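*Asks:* Chains as they are written, first to last, in the working numbering: chain W, 681 to 787; chain G, 3 to 987; chain R, 84 to 269; chain P, 0 to 416.
Everything labelled a hint here was simulated from the structure, so no lab data went into it.
Remember, it's a predicted structure, so these values are computed and weren't measured experimentally.
Incorrect hints may have been included.
Stated by the list, open to error - Cβ-Cβ distance ranges computed for the label pairs, FRET-style: (1) P:GLU156 x G:LEU633: 21 to 27 Å; (2) G:ASP434 x P:ALA7: 42 to 48 Å; (3) G:GLN148 x P:LYS31: 47 to 53 Å; (4) R:GLU92 x G:ASP974: 28 to 34 Å.
Even for Gly, the Cβ is constructed at its ideal location relative to N, Cα and C.
So the chains spell out like this:
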Amino acid sequence: MLTLTCPCCGMTVEETELAPGGEAHLKRFGPGSSDAEFEGYLFARKNPRGVHFERWRHAYGCGKWFLAARCTATLEVFGTYPAQTTEPPASIVAAIKARRPDWEGLK
Amino acid sequence: MSTRLATGGRLIDRTKPLGFRFNGKRLKGFAGDTLASALLGADQMLVGRSFKYHRPRGIIASGVEEPNALVGLGTGARFEPDQRTTTTELFDGAETSSQNHWPSLETDIGVLNNWAYRFLPAGFYYKTFMFPRAAWKHVFEPIVRQSAGLGKVPTERDADRYEHAYAFCDLLVVGGGVAGLSAALEAGRAGKRVIVWEQTAHWGGRSPVDGGQIDGMAPEDWVAGVLEQLAAMPNGSLRARCMAAGLYDHGYVLGYESVGDATPGDGRPRHRLWRVRAGQIVTATGAIERPLAFAGNDVPGVMLASAVRDYVVNWAVSPGDRTVIVTNNDDAYRTALVLLDAGLVVPAVLDARETPTGELIEAVRARGVRVLAGRGVAKVKGGKRVQGVQVCAQAGEGAVLEEIGCDCVAMSGGWSPVVHLWSHCGGKLLWDEANACFRPDPSRPPTGADGAAMVRAVGAANGALRLPEALADAGGPPAVAAAEGPMAPVWVMPQGAPPALRFKAFLDYQNDVKVSDVQLAAREGYESVEHTKRYTTLGMATDQGKLSNINGLAILSDALGQAIPVTGTTTFRPPYTPISFGAIAGEARGEIFQPLRRTPMHEWHEANGAHWEPVGLWRRPYSYPRAGEGLRDAVNREISNTRNSLGMLDASTLGKIVVKGPDAGKFLDMLYTNMMSTLPVGKCRYGLMCNENGFLMDDGVVVRLSEDSWLCHTTSGGADRIHGWMEDWLQCEWWDWKVYTANLTEQFAQVAIVGPNARKLLEKLGGMDVSKEALPFMTWAEGELGGFRARIFRISFSGELSYEIAVPASEGMAFWKACLAAGEEFGAMPYGTEALHVMRAEKGFIMIGDESDGTVIPQDLGLGWAISKKKEDYLGKRAQQRSFMDNPDRWQLVGLETLDGSVLPDGVYAVAEGHNPNGQRNVQGRVTSTYFSPTLGKGIAMGLVHRGPDRMGEVLDFPADAGKVFRARIVDPVFYDKDGEKQNV
Amino acid sequence: MSDAVSALEGRTSQGFATVQEAGLQGMVSLRCDLASKALAKALKELGLSLPAQRRVVAASGRSALWMSPDELLILVPYAEAAATVAALEKALVKEHALVVDVSDARAMFRVIGEKAEQVLTKLCPVDFDALAADEVRRTRAAQVAAALWRSDKDTFSVVCFRSVAGYVMGALEHSARPGSELVAPA
Amino acid sequence: MGMRRYSAFAVAREALRFHQGWERAWASPAPKKRYDVVIVGAGGHGLATAYYLGKNFGITNVAIIEKGWLGGGNTGRNTTIIRSNYLQDPSAAIYEKARALYEDLSQDLNYNVMFSPRGLLMLGQTEHEVRGYKRTVYANNLQGVETEWIGPERVKELVPIINIDGPRYPVLGALYQARGGTARHDAVAWGYARACSAMGMDIIQQCEVTGIRTAGGQVQGVDTTKGVIDCGKLAIVVAGHSSVLAEMAGFRLPIESLALQALVSEPIKPCMDVVVMANTVHGYMSQSDKGEMVIGGGTDGFNNYTQRGSWHHVEETVRALIETFPMISRLKMLRQWGGIVDMTGDRSPILSATPVGNIFVNCGWGTGGFKSIPGSGWAMAELVAKGSPGPLAAEFGLDRFREGRFIDESVAAGGAP
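Go ahead and model the full structure; you've got the sequences and the hints to work with.
*Replies:* Encoded structure:
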């Protein structure tokens, strides 16, 4: 039963107030993209055992989507950040590195 | 026999006698008793039968670890099976009954005596019952099931209520013994918000029974003082009768509070389930004494040494006149002293150690008790009650040295810290050689959201088993207790017990797992501790192995020739002890089992005989059958009335989402397959939404409200989902687009006025021009209609002249009634969802969830006209270009008409020639919607058929039930008013 | 207008705290750039000011509640709602903004009494010790979304969607049943 | 190595000597340098794959390597439901193959897996659900899967403890598969393991794969905690850990690993002889031979490798089941646990070749893994042995995601196990 801090309203809330939204930082491919690109966008999932970036919506609160960096093996949360970005901000990357020195970065 | 002593009993109130029944027999106890102490006090040692062999079993423990003494408690709507007597507080009038026997507890024909159960060792059922094949299901399994099981089956709806509660704290202390209270006091003084839970009704844990001194005081006095201090702290909270059931990620702990168990029917909740979020958790959960494995260690009267002590001191109950103590450690000698103090007889202490010495041992010797060193039990004599023990050399193979008569055996195999909560969420254990137990490994704790340790174990739960160590470990005051010498890691008696003895030495009492079973598992290669557990069922009974796990592990390790920590432990799973399903469900039952969404007109529907249909969490009237009228007839009447004069539908559940902003048009063009940006203000347009996989996900009419705002109608079940979908794209993909959305579904009550007389009704209400010229099909207007603030949408889902009118929800009921009144002279009559569905099918309109099922794309449904060819992109467009979708060879929407006018069954398939490589009959289509059309007087259907639109007029075979084959012709899906003459008037 | 009724028409229940459906309440949802000067001015006209994150500003029968980084909820008497929408729309006409009347989409409850907090503690995963006096918390009440805040020392206001008003009333009544107080044993 | 037959006679003979003469059920060998086929994962699916490689194709130079203990993953954590009442043809084919193999599995393996075709009901509680299940019945009849639609009275007859006229979701009928049921989950793994071992295959437990060796786009072997093991072919059959293994081999799968939870009550005397699934309220329940009510519900929505799910799902499931079976309210939850299920993009499994030559994957069974074990092993053995799928696996290739050729069961199953 996770707790996450919504960066949009500042509340630390429990999982039942949130809605999970799958892998973060996917790049959308639309018409004009190759079959492989489109398949990758819709289906190829990192699903790592370890550091993972994911989407959450503060569904029972401010209604905003945000992103979280979390370890899927321990459920440790490295940080949360607004959804309006295509890659994790430097502060989040630093927080992960501090806890997981072997982490090779978002691939 | 077991009896109530004339004096003593720190927990009972002799001025308050309580009556209860056991198997119909009237018995007496006192306030403060547990069911177990009251039963023992009334000389009821035999309380149940074991699971597999139906052996007679007695009370063995005094707490949550009790494996045997489970009873059925209560009657009727308050009956509960498998109730643990050692943790149930006695109350006046309690009805209890023993379990798992027939015909009676004393005489159970299911019992298997010593020779027969030889044929049923661990896992015997994996090796037998295989022939003939059908015999397992029809012969063997029913026998196994009937003889297994345990408690009786409750038959009634639970009469009690339950509730949940949340709490937040800096520190949750689990366990109100002296270690827990010490930790709580320290944190409380430091200003932390502290919650302390104690699973029993009493504070102080074992210390008041086991003695010693804390901070110069008797333990009981010290405990009372600390409780007072904690109670006075505004940042402290104490809760007794509350057990920590499970520890979960991010500091989430479940507490199971017994509120009204002992006061049935007083209106309070029976149980309360606490969900605590704690910054830190201290587990001060104490330790549990282990039995020893010797032949006959399950005969009623063989008990844990600490339990014998508890019964004497806490409840003034003597479990037996003559008690032989069997031990591998010093602590059990405390039991001898307690018994002697109570004037009872201790014929001997059998100590497995060769040279036991120490303060407690000397004290016992000084009282004239024989202490037999290096001795063990060869065998317990007796059937339904201990009659004596045969003494042997612990080092030998069981040759009997002497026999000692006794009616109680108090055994102690040492103590195991309660590490369950520590382990629930990933905390690891280490092996403590000195105490022969697993204890929490502080270097591998369970970790929380921040990755740091979230649990600390203190006191006996941390392996600090003796009072002074326990308090020191918990940061408490100095304490003194009798010094103890080292224990010996003895598990089985005697050490060289031959098969015949190991066959009667029980490890898991409830599941009848014996030493020989574990050894058999090891021999057969079930070497992992999890394999052994599952193969033998060791530790899988309702006590979850609290007494048996470590002993079994030790025996497995010995059989495998490896050290215990190499073997490791099984996983500890929540809950710590079983918790009621009622508590888990909490308040969610009956009326508030789930939210029920009501429209503003709900009460009217209910009062007017609506037959309800659940639609998501809403309930919508399916139809309004009149007295004596069948559902089918009611639907037909509603359809005919609507088609011929005037129908009214509560359409309030339709989703209504406003989308506004400079980029709203662009956004809706991405969301819908059609072009919405070009929709003129004042107009309506039917739109389709697909997901990124190209599949149709929702549909509805979009309304252009103003230059920069649109109103999107969604399906009834879809409003929240579609609103979330919109916000997802706006916040996470196109965050620089200037668009705001608002879900206004519940702001408006919406009524559809449908049928040839619809306009007359609106004209009668008055206030707005609803003429064909002023308000043509697919337009809308805003104004005051009959005095109500209204938006009128001239749209139709039935093919009739139709208006959908939205008014503020608070005025919905008044508006509905006003319409009914105004429409009376025109034949106005409400209709439900089924009539709605039939009428839309007559018109060939698709229904999300019927024609679409998550695998259908708009192109399949002949909705190509609603897909803009001009747009470069919309959600789902790229997916629809994939080879399997961009393909004319798909199943596509058609109408279906049976040759004989009958109604095709729901969901039936059209067969094609031959079979596929897996031997399945080939199919070429299926029915998606099928109804009797009262308008046309025959069955009509829609379906998806392979290349259907190219095959008009072909007849397909639909095999249905009992060999009947329906034959239906492929036709145009629009069955009624193809040219739309009725809706465009 | 006189025909307007709230979801439960003011139903009241007396437990160890009083649970009361509060009747018709004007509510206006406002989405815009909260830093906009036009908004500040419009709020001032209503006698209000911009609430800080998760805060409530109340004055003379009106309140402004911070709902999300781009959303406020303005509470006014029910009869004033339409006029408030019009006024705000006018004030924000040059802004990218969405102003909608949601008075009829919601139900409002008051939970009153010394032990009111205990009622909500049974239904909402909220740390009430950490809830500021003027803080609005959007959360979950049992199985539905809700917003709650302290309207005075012993009174909580709770807002939920109108369609589930009966459910919320049922859950509040259940939680307020006499005898089920969350008092710690002495 | 041969295998001494199990029988009632053998048990009786052993009883006379206190069961001192039983042999190991399976050997515990050290790994050899090379195998024709290495299967990663000694769960039900991996062991069944090995068994049918030997039995159907005569391939016995096989190692099954397992990082923990055999049968210790989802095989030992599920709610043991067996059914084949699937809607789509490819699903119905493979699940029915599995179910049919279960019928004779005890005799085939000489190990009683206690397959109990006690009947399985999926309750229809909304009009929409009723339509979906009727459709399934018609599809099943053409697929050779015996199911029927039964009315509420018959439901009550089969399940006396059910509340069929609940005010909220009355039972409108049920999709009934009379020969669906349950089996003893551990026994399935143990029976296959014993049979594989008897064929000379090596089951290597406590051996974790740490890398996959490839050359020229072809698999060469695996690095393990017990050294390098070379192989001709590699089958990855590791359910929730599929993505981790795929990453080692350099490709990605359409898989998310999610926690799924189950729980049991304390044992009571027999009161429910069938399996009941109530998908509208997201709960399902059966009674084990020990008497425990075995209960499962929905999955968490976020990626998780901890085998611990979120508590609120248990609450949701239990309250739904109390509504359906009011008498369980006063039973107690004895034990709850979680497993990691592998959910694909269309919620149907993958049996497929991969971008790396001679690596094959069998995964994505999600919540449906246990019931499919024999059929999955049968089809996977054919895929591995021949290098291309037979008819049972043909539709379950990875290529379907690129083509948009989904096998979507959600319409009928609603995420049911």
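*Asks:* Would you pick out the hints that fail for this structure and give their numbers low to high?
*Replies:* Of the numbered hints given earlier, the structure breaks just one, which is hint 4.
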